[in-house]
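Build out the structure end to end from the sequences listed, making use of the hints.
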Amino acid sequence: MSRITCLTVVFFMTLCIQQCVAESVSYPEQEVKAAFIFNFMRFTDWPREKISDSNQPVRIFVIGDYTNCKTLKEMDKKQYNDKDVNVHVFKSYENIEDPNILKTSHVLFICSSQKKHTKDILKIVKNSNVLTISEVDNFLESGGIINFVKEDQKIRFEVNRTIADDEKLEIRSKLLKLATRVIIKNPED
Amino acid sequence: MSKSPEKITNREAGIGQIVATVSRNMTIRHKLVFMIMAACVVSLVVAGAIFTGYEWANLRQFMVMNLSAQAEILADNCKAAVAFNDSEDAKEVLSSLRVESSIVFGGIYTKDGKLMSAYYKVGTDKSVQPERLKEDGYEFSGGYVTVFKRIILDGEVLGTVCIRSSLEKIWTMLWSRIKITFAVIIVSLVAAYVISSKLQSVVSKPLLKLAKLAKAISDEKDYSVRGQKTSNDEIGSLIDAFNEMLNQIQRRDKALVDANRQLEAKVAERTSDLEQTIEKLNESNKQLQDFTYVASHDLREPLRKISSFGQLLTESLGEKLTDDDRENLSYMIDGASRMQQMIEALLTYSRVTTRGVDFEPTDLNQVVEGLKNFELSVVLEETNTKLIVEKPLHTVNCDSTQIRQLLQNLIANGLKYQKKGVTPEITIRSKTVDDSMVRVEVQDNGIGIKEDQFENIFVMFRRLHSRQEYEGTGIGLAVCKKIVKRHGGDIGVSSTYGEGSTFWFTAPVADSSRAAVLAARENENEV
Numbered sequence: 118m119s120r121i122t123c124l125t126v127v128f129f130m131t132l133c134i135q136q137c138v139a140e141s142v143s144y145p146e147q148e149v150k151a152a153f154i155f156n157f158m159r160f161t162d163w164p165r166e167k168i169s170d171s172n173q174p175v176r177i178f179v180i181g182d183y184t185n186c187k188t189l190k191e192m193d194k195k196q197y198n199d200k201d202v203n204v205h206v207f208k209s210y211e212n213i214e215d216p217n218i219l220k221t222s223h224v225l226f227i228c229s230s231q232k233k234h235t236k237d238i239l240k241i242v243k244n245s246n247v248l249t250i251s252e253v254d255n256f257l258e259s260g261g262i263i264n265f266v267k268e269d270q271k272i273r274f275e276v277n278r279t280i281a282d283d284e285k286l287e288i289r290s291k292l293l294k295l296a297t298r299v300i301i302k303n304p305e306d
Numbered sequence: 003m004s005k006s007p008e009k010i011t012n013r014e015a016g017i018g019q020i021v022a023t024v025s026r027n028m029t030i031r032h033k034l035v036f037m038i039m040a041a042c043v044v045s046l047v048v049a050g051a052i053f054t055g056y057e058w059a060n061l062r063q064f065m066v067m068n069l070s071a072q073a074e075i076l077a078d079n080c081k082a083a084v085a086f087n088d089s090e091d092a093k094e095v096l097s098s099l100r101v102e103s104s105i106v107f108g109g110i111y112t113k114d115g116k117l118m119s120a121y122y123k124v125g126t127d128k129s130v131q132p133e134r135l136k137e138d139g140y141e142f143s144g145g146y147v148t149v150f151k152r153i154i155l156d157g158e159v160l161g162t163v164c165i166r167s168s169l170e171k172i173w174t175m176l177w178s179r180i181k182i183t184f185a186v187i188i189v190s191l192v193a194a195y196v197i198s199s200k201l202q203s204v205v206s207k208p209l210l211k212l213a214k215l216a217k218a219i220s221d222e223k224d225y226s227v228r229g230q231k232t233s234n235d236e237i238g239s240l241i242d243a244f245n246e247m248l249n250q251i252q253r254r255d256k257a258l259v260d261a262n263r264q265l266e267a268k269v270a271e272r273t274s275d276l277e278q279t280i281e282k283l284n285e286s287n288k289q290l291q292d293f294t295y296v297a298s299h300d301l302r303e304p305l306r307k308i309s310s311f312g313q314l315l316t317e318s319l320g321e322k323l324t325d326d327d328r329e330n331l332s333y334m335i336d337g338a339s340r341m342q343q344m345i346e347a348l349l350t351y352s353r354v355t356t357r358g359v360d361f362e363p364t365d366l367n368q369v370v371e372g373l374k375n376f377e378l379s380v381v382l383e384e385t386n387t388k389l390i391v392e393k394p395l396h397t398v399n400c401d402s403t404q405i406r407q408l409l410q411n412l413i414a415n416g417l418k419y420q421k422k423g424v425t426p427e428i429t430i431r432s433k434t435v436d437d438s439m440v441r442v443e444v445q446d447n448g449i450g451i452k453e454d455q456f457e458n459i460f461v462m463f464r465r466l467h468s469r470q471e472y473e474g475t476g477i478g479l480a481v482c483k484k485i486v487k488r489h490g491g492d493i494g495v496s497s498t499y500g501e502g503s504t505f506w507f508t509a510p511v512a513d514s515s516r517a518a519v520l521a522a523r524e525n526e527n528e529v
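If you read the sequences in order, they're chains A and B.
When you read off a place in the first sequence, starting at 1, and then add 117, the result is the number in our numbering.
When you read off a place in the second sequence, starting at 1, and then add 2, the result is the number in our numbering.
Hint data in this document are derived by calculation from the structure and do not stem from the laboratory.
None of these values were measured; they are calculated from a predicted model.
The hints are all genuine.
Using 35 Å as the maximum straight-line C-alpha spacing, the simulated DSBU-like pairs for lysine-lysine come out as follows: (1) A:K195 / A:K236; (2) A:K200 / B:K136; (3) B:K113 / A:K291.
So, in structure tokens, the structure goes:
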């Protein structure tokens, strides 16, 4: 009798711990990615006209369920090149009243939950000097600039330098060096 | 704190004393070289130590600067890697450290101090990594220098780069500098020795010359030489002073020699004067002696006549003479006889030298016996005197007639100055003074002599009493003294006033007597 009770207790406890671990793993992934987004910003140079207005803050738009991300909230208080950083999280693409607002952003992160809207979004922000980031497969091929990938349980990223060049964004070599894959425009094309 | 200056002074004095002790027996030449070399060694060692210390500080600073630059480059290069937590890339950045062999460890730490990526030199392990992390800066510990540099991206600290290098390299460099410095010191000292050996003669040569000159002057007493002045410094002044001193000495020496010569001349003059005077004195003395002898001898005859004819006159006139005449005549006779006595005494005195005969051994016992039986027999009987001779008397080497006179005078003297109503008692004794002299004593129980008169009584015509009290010529003891002196002896008196006197004299002991004395003494020694 007591043995059965013990086993049951152990079973439930194990279950609880597993759940906790699962949450704690998924939670930091969001934080790490949020930190990465800020770092991407640091290794990227925008064309002058995009950041010339000193009164305008640097805008980071996030579309997807990152509302609870602590790092993003902290980023909102930070400064980048003497400018305030403004972080705005949209729960989903559908929630955006005027999608054209996305054009005013400097960094746009599209969560995996918004995969189906990726193409629409990219279309909107094209030629608006927006650093587009996502975490879905074939994002680069769809016309995105940076995409998170997982490699050996570690969060890495890949870069489409061709699009970046098209958007007049300069991504520094230090960042490119760390990328798992860099798509570069063939000069012969 | 207030004691420290005193201590320094003591220390300085101590060093001075040590140097003085060490260099006490050195020649001035070696002393100079020693002093120069000591100063050189101290200054070179101090300079070398300062140089080495400066080099050490410089090398450390240089190493820190070098490492800091490297750390800065690393921090810059690994920004992205740290920002994206890419340890592989960080490792790659760190791998550039391998080109610097002295770097043993390089590490990239995250913001919360975790080691993200590390580089270890081949052959080292994790023990070389620093135990704790610092912010920007460096530290020397455990034979390593460790530099820390924060990784800053857009004003945000992402982590820290740390590089640690072993100090072996700068030790090696420092050691080679020390060797070079040491070699330079040795070479400099050799050069200093060579130069100081040559240059010391500038100081020592004139001094040595002067010392040699001084020794030559003191040995040969030649004050005409002079030191040669070669410089205008203190040594030059010394030579000047020395020469001036020589001038003075030479002047004084000359004056002294002159004075000496004058003195000698004066002494010679005086001596010849004295010799002449002595000769004159001797001459006149002899004349005086001759005169005395002749006068006294020739005076005796008329005196005797006055005396004897006076007596004849007294007898022949007899009753015809008044009492006054008789008294006057007796005064005349008495005066003549006293004068006769005095002349006799004077004759005796002068005869001591003029009529002296050669010395011969004379037995004093026989002399005393003779006096008792002949010259003094009457007076001894009259006065009822007890004449005691203690032990047999010695035999002396003398003029027997004079020694008889001497003893007669002394005994008579003792009898003459007697207390009234006391039986005179004369004791004669003799004893040896040394191997060559005999002391003869004549002791009486008479009136005695006051101590302040001891010397006067031997002077001629010096009398202590009036003629009315005690008769006498005042010549007797003077004769005694003359006799004793002629025999090379001494005469004297000891007395207690009122209890008696002891007259004593010394005379040369006769050879036979001396042999007896020596034999007796030897016997005593043997016993």
